[in-house]
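Visitor: Build out the structure end to end from the sequences listed, making use of the hints.
Going down the list, the protein sequences come from chains A, B, C and D.
Taking the working numbering, the leading residue of the first sequence gets 1, the next gets one more, and so forth.
Taking the working numbering, the leading residue of the second sequence gets 1, the next gets one more, and so forth.
Taking the working numbering, the leading residue of the third sequence gets 1, the next gets one more, and so forth.
Taking the working numbering, the leading residue of the fourth sequence gets 1, the next gets one more, and so forth.
Just so you know, the hints here were simulated from the structure itself, not pulled from any lab data.
Check before you lean on any hint, since a few could be wrong.
Treat identical chains as interchangeable: a pair holds within one or across any two.
Unchecked claim - Subject to a maximum C-alpha distance of 20 Å in a straight line, what follows is the list of computed EDC-like cross-link-like pairs (lysine to aspartate or glutamate): (1) Lys52 <-> Asp118; (2) Lys121 <-> Asp77; (3) Lys93 <-> Glu67; (4) Lys72 <-> Asp118; (5) Lys123 <-> Glu69; (6) Lys52 <-> Glu67.
Every value quoted in this text rests on a predicted model; they were computed, and no experiment measured them.
There are 4 protein chains.
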Amino acid sequence: MHRQHAPSHRFAVRVYYEDTDAAGVVYYANYLKFCERARTEWLRALGFEQQKLREERALVFVVRTVEAEYLKSGVLDDALTVESSIAEIGRSKLVFAQTVMRGSERLFDCRVGVVCVDWNKRKPASVPPDIRALMAAHPDTHTESHR
Amino acid sequence: MHRQHAPSHRFAVRVYYEDTDAAGVVYYANYLKFCERARTEWLRALGFEQQKLREERALVFVVRTVEAEYLKSGVLDDALTVESSIAEIGRSKLVFAQTVMRGSERLFDCRVGVVCVDWNKRKPASVPPDIRALMAAHPDTHTESHR
Amino acid sequence: MHRQHAPSHRFAVRVYYEDTDAAGVVYYANYLKFCERARTEWLRALGFEQQKLREERALVFVVRTVEAEYLKSGVLDDALTVESSIAEIGRSKLVFAQTVMRGSERLFDCRVGVVCVDWNKRKPASVPPDIRALMAAHPDTHTESHR
Amino acid sequence: MHRQHAPSHRFAVRVYYEDTDAAGVVYYANYLKFCERARTEWLRALGFEQQKLREERALVFVVRTVEAEYLKSGVLDDALTVESSIAEIGRSKLVFAQTVMRGSERLFDCRVGVVCVDWNKRKPASVPPDIRALMAAHPDTHTESHR
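Guide: Right under this line is the structure:
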């Protein structure tokens, strides 16, 4: 799952008690929360708010697939960074490649497949051209399949 | 906050990793999740599902106040019981008295004030007479104020 | 990711408000909570508690990989079932195949790779023979690789 | 529960899907997460990390009481601010007054009683003089009882 390019987006996450569990580390499902925050902030940085996308364009991004690898454990008080890139862009599907770093240590790697859904019809919709153009503009974006 | 009467409803909760934190105990906000599950199951036991209440009668129960006391810490694998009673019933407001027990040990005590809200008008609504009647039927329900 | 056999373990999960999000469905990370509860309950049903495994044998099960597919959305008040099987057993690694069902509808499919770790040395340890024997006893367990 | 003074500490919180529920608003227990993050960041801003306090001084802050009032609902994408002050300082107990604001709107008010605990003896310990001095230095800190 290693990525060669610079990430397109970086997002800082601090580890609080709520994120940890009795094994003393970040609970495994919570890395998905960190990654979702990062995707949301990336969209926001590009000018899109999910609440507005739903209200104004009836569009929702829905997760369809996750492939994740847990490499090292995050702990309380860690200052983490979520690095995000687009690995694939299809008509209605985006695949994000995301990594949670602690400094130069790689803690967590994932690929998250997200589908753009028409909120009223509950069916897949095309990724809006403006979002697609902005995300594709990032240098490490590649549209070919990843395997 | 001690309650004299037998609880009106008992609900079993198991403590999983997701509920604990790096201090090795149940994270403080999660007792509110346990209590919400118990209130929901009590309503369900009386014949009411929250999803249906919203869809069919446009009614939602919204928490307005919480007073909570943390007495002992729950830990991983604990088998807990949430004991629930009604402390007060007003026109649109219910106050639940809830306790989280581990066997005979009292871990957590709370009073949760819940208001019945008209989902369309976003305004307080009367607690439906059928719910009120069922809850008031419980022997330890008292309608006088608790302070 | 389809599984042919009867699951080795079934675990009931109810969907509460805490599990849902503003899109009206179960939040995507929470299916991993449901699956972790099911793995824990399966271990418990076989006679093992995670807290005791850590205290008495210094063993912890740590998630290393997750592959997940979101097929349909769970909603508030859903009565779900997590079906769990062992897909692979290695020396120190177990791969669980887990599915979240709503009646006969398949909502969520995952494979979760778990490594048995020596809590003191923080290194992989062999899956204890007693746990291995009990899990392997289940009819649908297969030890060959799944791809 | 209204506070007259300027808060001693402000902390920004963004509302993500993980924080919301199927009623379309921030789930009630999650305000306690926001407030715990804010207390942690305040301590950190004063030079204290909870992980280090536990490792180096065997001190943990444990919540004993919560009194909370839900005034308005936060929704997805909200940019919130947690305002925190010290309402009381006792020998081993601190009471925080915390408010979650959305711009000038007050969403949530709470008082959180926290006890300083000796992690080894599992008994209350004095609030370290250096922490006490720093917190008491804030202009709105008052040591008299709040009722």
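Visitor: Look at each hint and say if it fits the structure.
Guide: Here's how the hints hold up against the structure:
Proximity of Lys52 to Asp118 under the C-alpha cut-off of 20 Å is restricted to the intra-copy arrangement: shortest distance 13 Å within a copy versus 25 Å between copies. For a Cα distance limit of 20 Å, the shortest separation of Lys121 from Asp77 qualifies neither inside one copy, at 43 Å, nor across copies, at 23 Å. In this assembly of identical chains, Lys93 and Glu67 lie within 20 Å of each other by CA distance both inside one copy and across copies; the values are 15 Å within and 18 Å between. In this homomeric assembly, Lys72 and Asp118 come within 20 Å of each other (Cα to Cα) only across copies, at 15 Å, whereas the closest approach inside a single copy is 38 Å.
Taking the closest pair of Cα atoms, Lys123 and Glu69 come within 20 Å of each other only across two copies (17 Å); inside a single copy the shortest separation is 30 Å, beyond that limit. In this assembly of identical chains, Lys52 and Glu67 lie within 20 Å of each other by CA distance neither inside one copy nor across copies; the values are 28 Å within and 31 Å between.
The earlier numbered hints that this structure contradicts are 2, 6.
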